[in-house]
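K.L.:
Residues per chain are reported as follows:
2 protein chains.
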Amino acid sequence: MQKSSINSFMEERMTLVALAERTGLSVTTISRVLSGQAEKYRISPKTVEYIKQEADRCNYRPNVMAQSLRTKRTRTIGLVVPAISNPFFANIASAIVQKARELGYTVILSDAMEDAEQEEEGVRSLLLRHVDGIIVSTSAEQPAFLEQVNESAVPVVLIDRYFAETTLPYVVTDNYSGALEAVSHLINRGHQRVACICGVRHSAIVQERMRGYVDAMQRAGLERFVHCVGDEFSVQNGYIEAKLLLNSNPLPTALFTMNNTILLGAIKAIKESGLRIPEDISVVSFDDNPFLDYISPAITRIVQPQNELGSIALRILIRSIEENERSDARIKLSPILKLCDSVALYDK
Amino acid sequence: MQKSSINSFMEERMTLVALAERTGLSVTTISRVLSGQAEKYRISPKTVEYIKQEADRCNYRPNVMAQSLRTKRTRTIGLVVPAISNPFFANIASAIVQKARELGYTVILSDAMEDAEQEEEGVRSLLLRHVDGIIVSTSAEQPAFLEQVNESAVPVVLIDRYFAETTLPYVVTDNYSGALEAVSHLINRGHQRVACICGVRHSAIVQERMRGYVDAMQRAGLERFVHCVGDEFSVQNGYIEAKLLLNSNPLPTALFTMNNTILLGAIKAIKESGLRIPEDISVVSFDDNPFLDYISPAITRIVQPQNELGSIALRILIRSIEENERSDARIKLSPILKLCDSVALYDK
DNA sequence: AATCTTTGCGCAATCGTTTGTGCAAAGATA
DNA sequence: TATCTTTGCACAAACGATTGCGCAAAGATT
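Just so you know, the protein sequences line up as chains A and B, in that order.
Whatever position you read off the first sequence (first residue = 1), add 710 for the working numbering.
Whatever position you read off the second sequence (first residue = 1), add 710 for the working numbering.
Be careful, since some hints might not be right.
Claimed, not checked - Listed below are the simulated DMTMM-like cross-link pairs for lysine to aspartate or glutamate, each with C-alpha atoms no more than 20 Å apart in a straight line:
no.: 1; chain 1: A; residue 1: K978; chain 2: B; residue 2: D1003
no.: 2; chain 1: A; residue 1: K762; chain 2: A; residue 2: E749
no.: 3; chain 1: A; residue 1: K978; chain 2: B; residue 2: D1051
no.: 4; chain 1: A; residue 1: K953; chain 2: A; residue 2: D941
no.: 5; chain 1: B; residue 1: K981; chain 2: A; residue 2: E831
no.: 6; chain 1: A; residue 1: K978; chain 2: A; residue 2: D1051
no.: 7; chain 1: A; residue 1: K809; chain 2: A; residue 2: E1018
no.: 8; chain 1: B; residue 1: K1042; chain 2: B; residue 2: E875
no.: 9; chain 1: A; residue 1: K782; chain 2: A; residue 2: E861
no.: 10; chain 1: B; residue 1: K809; chain 2: A; residue 2: E830
no.: 11; chain 1: B; residue 1: K978; chain 2: A; residue 2: D1003
no.: 12; chain 1: A; residue 1: K782; chain 2: A; residue 2: E1033
no.: 13; chain 1: B; residue 1: K953; chain 2: A; residue 2: D1003
no.: 14; chain 1: B; residue 1: K953; chain 2: B; residue 2: D990
no.: 15; chain 1: A; residue 1: K953; chain 2: A; residue 2: D990
no.: 16; chain 1: B; residue 1: K978; chain 2: A; residue 2: D1051
no.: 17; chain 1: A; residue 1: K809; chain 2: B; residue 2: E824
no.: 18; chain 1: B; residue 1: K1048; chain 2: A; residue 2: E982
no.: 19; chain 1: A; residue 1: K1048; chain 2: B; residue 2: D1051
no.: 20; chain 1: A; residue 1: K981; chain 2: B; residue 2: D1051
no.: 21; chain 1: B; residue 1: K809; chain 2: A; residue 2: E827
no.: 22; chain 1: A; residue 1: K1042; chain 2: A; residue 2: D925
no.: 23; chain 1: A; residue 1: K1048; chain 2: A; residue 2: E1018
no.: 24; chain 1: A; residue 1: K953; chain 2: B; residue 2: D1003
no.: 25; chain 1: B; residue 1: K1048; chain 2: B; residue 2: E891
no.: 26; chain 1: B; residue 1: K1042; chain 2: B; residue 2: D884
no.: 27; chain 1: B; residue 1: K756; chain 2: B; residue 2: D766
no.: 28; chain 1: A; residue 1: K809; chain 2: B; residue 2: E830
no.: 29; chain 1: B; residue 1: K981; chain 2: A; residue 2: D1051
no.: 30; chain 1: A; residue 1: K981; chain 2: B; residue 2: D1003
no.: 31; chain 1: B; residue 1: K809; chain 2: A; residue 2: E824
no.: 32; chain 1: B; residue 1: K782; chain 2: B; residue 2: E1035
no.: 33; chain 1: B; residue 1: K1048; chain 2: B; residue 2: E942
no.: 34; chain 1: B; residue 1: K1048; chain 2: B; residue 2: E982
no.: 35; chain 1: B; residue 1: K809; chain 2: A; residue 2: E831
no.: 36; chain 1: A; residue 1: K809; chain 2: B; residue 2: E831
no.: 37; chain 1: B; residue 1: K978; chain 2: B; residue 2: D941
no.: 38; chain 1: B; residue 1: K978; chain 2: B; residue 2: E942
no.: 39; chain 1: A; residue 1: K809; chain 2: B; residue 2: D825
In short, the hints are calculated from the structure, not lab data.
Make a model of the complete structure from these sequences and hints.
P.N.:
Given below as structure tokens:
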């Protein structure tokens, strides 16, 4: 037991050739048996049995590089995220890594640091590694590069951050309806001056969330109060923009922040200004996170189905790889509004 | 520009053979030039120049599988963490991925789900992929398996979660002094009944943190109040143990939680019981996290140098790989106590 | 002019698989 | 018995690089 595991490292790595010598059969036959092609090539059951026995007596493991070199398949996928330190992406990564393992794939992680150039560099590096496919939550403004990759190299599936106009398949949250619901909730609770702090504007998810925000405001006849600020998914952006909002006059009575990092910055600004949530200002945000339940107060938020995002994206990618075709799936999963304590009734 | 990037995917992949035909030189020579061995083999400067030009005119990129097959090196490392969804590990992963990219390595991520068997399976899978080395924050009780890997397969470096008795190199936080400082802080603020909620007891970091806790108590003559509970790094464990502590009599006046997940559970329990932090009970925890500044109140905590942990571990690993020797580094980095608002003066 | 060095590069084996094709032996058919 | 199928496996060429050794031509030495 322990022994065999030791041996699997220490003995010179078993190869097909060695196995061939040991059994007196040809490399070809052994390869066929071990790769499950036995009856396709009519290897006799007796031989099959024999080979299998010897193979695991010797603890044979195929050399993946040699396999890949021949087959052009690595059973490896790339995952590119804007920032693995962001819990939202860490959770998605977690789901994908799990699922991939079950399916016999391993994942190479690439962190783009919210930067389009680093993302591109990362993707190129993945291609050099001959990944079979790539899942990316993009930091880019334009789909062109990734579309090229998808068309002429390996399948690409977008997750969360995507492009509105693209041939690439994606699986994302329904950002529009999420934002609509969140902002409507604020409005239903009596808020009118609802300000919105955005992430990078070129991002489709930002545009959708903005659209949801604006529509909610318009439906309530509040278009004159529509106020979008900010242009980055960062704590700092959230902080600065909230700071400015809190110095404006009249004050907004509620804030809609577009993700968890912006939220953090906004909370910091609010705390600094001595205002209280939700007594003085209400807050709803996009993105879930265990910590948000422990913040003071627990933040009402749009919860995205992180696990499903990950596992569906992976499923699409793997199918695409194994059927060797490009998917055109466009999947929008519904988020849910988690009501917590950061929204107060506003009865002006 | 755009053109060339397209071509790099679309054209049939350039190979040394193709390049040889194009230039009229031999594959050997080209290989030598492109792998920087030109003057070692006395290739004339003129030829070198010519080859380099043609190579990048044709956008040549070596096939990594073929390279690895020959050289037995993949320029790939494995990273095994107990849970990538834990922000602590996500941050470490972020640092490692960054640094690795700079050094020309890519990283394969494996998530052990806090489980020793999954960790082992993950490591085996990494070995099948022929990673050049592995960084692991271990979920195992025993060093045996990883030591075997280190001795007879590829270099292994432990990070954060390590073993006290092991031949493996590690880079960790000085858990003892961190805990000592944290608990001393509580004691200096007048606390006596300081309870401690632990992670898995077999873990060296837990033992060190416990030792720090116990020593701090003893130095203050408080050994009779030493009280360690819990046995898991999970929100649930923190919740349950805190729940129990809060039902005990007399109540502890302060809690020392061993990591961020335990902390969350404890906070939940405290909130549920209607107690306030720090008025009714003080809290200090191990692990940093941006969110902890926004929790109510901001949690006083031991901040570990996550980036350094990651980058130093990687540096050790890479050196080990490139020098082809096993390191025996045992590095302990000092954490710092970040004073926030979760500790009150206790004047009994 | 004969020998020795140095310069500049190529031959061919090798890494460990996969796979199209081929070919004997055994069995079936007539 | 001659021919045709089927059964069961092997040969050898890829995949795309690296590398020990060898060897001709040019230059240096005596």
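K.L.:
Would you check the hint for K1048(B) and E891(B), treating anything up to 20 Å between C-alpha atoms as holding?
P.N.:
11 Å, holds
K.L.:
When you check the alpha-carbon spacing of K1042(B) and D884(B), does it fall within 20 Å?
P.N.:
5 Å, holds
K.L.:
Need the status of pair K809(A), D825(B): alpha-carbon distance at most 20 Å?
P.N.:
Within the cut-off at roughly 16 Å; holds.
K.L.:
For K809(B) and E830(A), compute the direct alpha-carbon distance and say whether it is at most 20 Å.
P.N.:
17 Å, holds
K.L.:
Does D1003(B) sit within 20 Å of K978(A), going by the straight-line distance between their CA atoms?
P.N.:
Roughly 9 Å between the alpha carbons, so the hint for K978(A) and D1003(B) holds.
K.L.:
K1042(A) and D925(A) were given as a pair; does the straight-line alpha-carbon distance stay at or below 20 Å?
P.N.:
19 Å, holds
K.L.:
Please work out if K809(A) and E1018(A) have their alpha carbons no farther apart than 20 Å.
P.N.:
11 Å, holds
K.L.:
Would you mind confirming whether the straight-line C-alpha gap from K782(A) to E861(A) stays at or under 20 Å?
P.N.:
This hinted pair holds, its Cα atoms lying about 17 Å apart.
K.L.:
Keeping to a limit of 20 Å between CA atoms, is the pair of K809(A) and E831(B) held or broken?
P.N.:
At roughly 14 Å apart (the allowed maximum being 20 Å), E831(B) and K809(A) satisfy the hint.
K.L.:
For K978(A) and D1051(A), compute the direct alpha-carbon distance and say whether it is at most 20 Å.
P.N.:
17 Å, holds
K.L.:
If you draw a straight line from the CA of K981(A) to the CA of D1051(B), is it 20 Å or shorter?
P.N.:
13 Å, holds
K.L.:
Does the alpha-carbon distance linking K809(B) and E824(A) stay inside the 20 Å limit?
P.N.:
16 Å, holds
Of the hints listed earlier, those the structure fails to meet are numbers 5, 19, 33, 34, in rising order.
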